[in-house]
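Protein chains: 2
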Amino acid sequence: MKTLTGKELAAAIRAETAARVADGPQPRLAVVVATADEASLWYVRSIAKAASGVGIACDLADLGPGATATGIRETLERLSADPGVHGVMLQTPLPPGASAQELAAAIDPAKDVDGANPLSLGRLAAGLPAFAPATAAAVMALLDHYGVALEGRRTVVVGRSTVVGKPLAHLLLGRNATVTVCHSRTRDLAAVTSTAEVLVAAVGRAGLIGAEHVTPGAVVIDVGTNPTEDGGLAGDVDSAAVADRAGALTPVPGGVGPVTTALLLRHTAQAADLR
Amino acid sequence: MKTLTGKELAAAIRAETAARVADGPQPRLAVVVATADEASLWYVRSIAKAASGVGIACDLADLGPGATATGIRETLERLSADPGVHGVMLQTPLPPGASAQELAAAIDPAKDVDGANPLSLGRLAAGLPAFAPATAAAVMALLDHYGVALEGRRTVVVGRSTVVGKPLAHLLLGRNATVTVCHSRTRDLAAVTSTAEVLVAAVGRAGLIGAEHVTPGAVVIDVGTNPTEDGGLAGDVDSAAVADRAGALTPVPGGVGPVTTALLLRHTAQAADLR
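The listed protein sequences derive, respectively, from chains A and B.
Those letters in the first sequence? Residues 248 to 522, by this note's numbering.
Those letters in the second sequence? Residues 248 to 522, by this note's numbering.
Hints were generated in silico from the structure; no laboratory data involved.
Keep in mind the model is a prediction, meaning the values are calculated, not measured.
We put the beta carbon where it would ideally sit given N, CA and C, even for glycine.
Some clues are possibly wrong.
[Claimed, not checked] Here are the simulated distance ranges between beta carbons:
| no. | chain 1 | residue 1 | chain 2 | residue 2 | range |
| --- | --- | --- | --- | --- | --- |
| 1 | B | ALA396 | A | GLU459 | 20 to 30 Å |
| 2 | A | ALA437 | B | ALA396 | 18 to 28 Å |
| 3 | B | GLU324 | A | GLY421 | 26 to 36 Å |
| 4 | B | ALA269 | A | ALA316 | 31 to 41 Å |
| 5 | B | ARG434 | A | ASP435 | 50 to 60 Å |
| 6 | B | SER431 | A | ALA262 | 35 to 45 Å |
| 7 | B | ASP491 | A | ASN423 | 28 to 38 Å |
| 8 | A | THR317 | B | ARG434 | 47 to 57 Å |
| 9 | A | ALA262 | B | ALA396 | 26 to 36 Å |
| 10 | A | GLY302 | B | TYR393 | 58 to 68 Å |
| 11 | B | ASP309 | A | PRO343 | 48 to 58 Å |
For reference, chain A alone in the conformation it holds in the complex (with noise of 0.2 Å):
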């Protein structure tokens, strides 16, 4: 089995995008966080630091976990209407009562670097112009980078959140795959997730996708990033068990993830240069 690893691409990725940013005025990023959740807080710090690294500004504004949906939106108008910010990035999970999809909706589509605004989405799914949740983006950028095909070929999507399944669904779509969306509610997974020459997983449930759900040689994507009792991560795929099934398969950490975090970045540089 391939080990179609991110940490190259993502290099590549970041150097492209400091090599642009460092012709023009510097991009500006900003993270909108209410929450006290470790792992997300540790996700937008490397964020911040990614950034740093390439030359683009990162300010956190930080809502604290009391955070109200209308602090939350005026906090997104604002930094929509603010000139010298190109990017803006809404971080979940958010307080109780508080609609990720619905605040969204408050960020300017021309700085949704992550793919937020059900507008992106919709303009995404319409083959309009927009910005892919980073994420799912990586998981294209991925399978190009080790020119899998895609044309005509059976992809299944495990998940189908608003920031991966969904979106991937119409990325995979527009590139001629013939798509698969699974869940929880789906019956009878293995016999699904089998019919998969590409199978991504984009669910939440370290080690959910075991051997009996690979079809041998099809190359397998993690989107997961569950947190384990070590403070490591672990992905939805159980990687040992599909070892010998797999004709390759990202690992986590260090497959998707850096690339969803280099994108955001070249998401923002591209945000930046467009304004």
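Position chain B relative to chain A; hints supplied.
Coordinates of chain B only, in the frame set by chain A:
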């Protein structure tokens, strides 16, 4: 094989809409046309007639086949801004150089009764309130009318258009079905469609779906309305060929079509109520 006619359901939706409309100010639907295509003009006339039957005013804004994208956009903006208009619909086809997806963004989402604005599609995908395209909504209404279970079942949609295939995939996902989207580039279409407990053909190729595409007992919904040489309509499904295999099939004409028109009127009444 059971025939799933749409006429009774359409009549019921029209009657309910007429009753709803009778209580308040008259809703008004504006249909923008920029084509000389006879089938399209026939469809628009059928909408106007049906609207009249339930007490909804229907204005035709016929810009002719020489209309420009700018002219169409301005018309859609004017109608969206007109407080006397409750529903706005853009009929296809459009003149060369005019993109329905791009122009539909000019329709106020609150009046977008045929779900053509990319924002409506994105909101649908994100699980937020939005008008679905009437055809996609009609497929769901027919499945519900005939008590076809969807939860956890394998559904296959043939066709990935922005007006039917893609929004329908989201509506089916929203009902916890497992959803596969196929299209012209799908390899071995029959192998994929044969996995369907519920199969929807929405591709616009007369008779594409034959016996080999249908697993015994499947519920088959035929969205196709392909003009025949004798002036009639043919579906995407070869009904004679699948008669011995399908458990149920919608006829063409008389299946999805009348329900689509009825739902367009219901949406217009809802838009008038919600304004």
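Hint check:
no.	hint	in the structure
1	ALA396(B) to GLU459(A): 20 to 30 Å	holds (26 Å)
2	ALA437(A) to ALA396(B): 18 to 28 Å	holds (21 Å)
3	GLU324(B) to GLY421(A): 26 to 36 Å	holds (29 Å)
4	ALA269(B) to ALA316(A): 31 to 41 Å	holds (38 Å)
5	ARG434(B) to ASP435(A): 50 to 60 Å	violated (23 Å)
6	SER431(B) to ALA262(A): 35 to 45 Å	holds (38 Å)
7	ASP491(B) to ASN423(A): 28 to 38 Å	holds (33 Å)
8	THR317(A) to ARG434(B): 47 to 57 Å	holds (50 Å)
9	ALA262(A) to ALA396(B): 26 to 36 Å	violated (52 Å)
10	GLY302(A) to TYR393(B): 58 to 68 Å	holds (60 Å)
11	ASP309(B) to PRO343(A): 48 to 58 Å	holds (51 Å)
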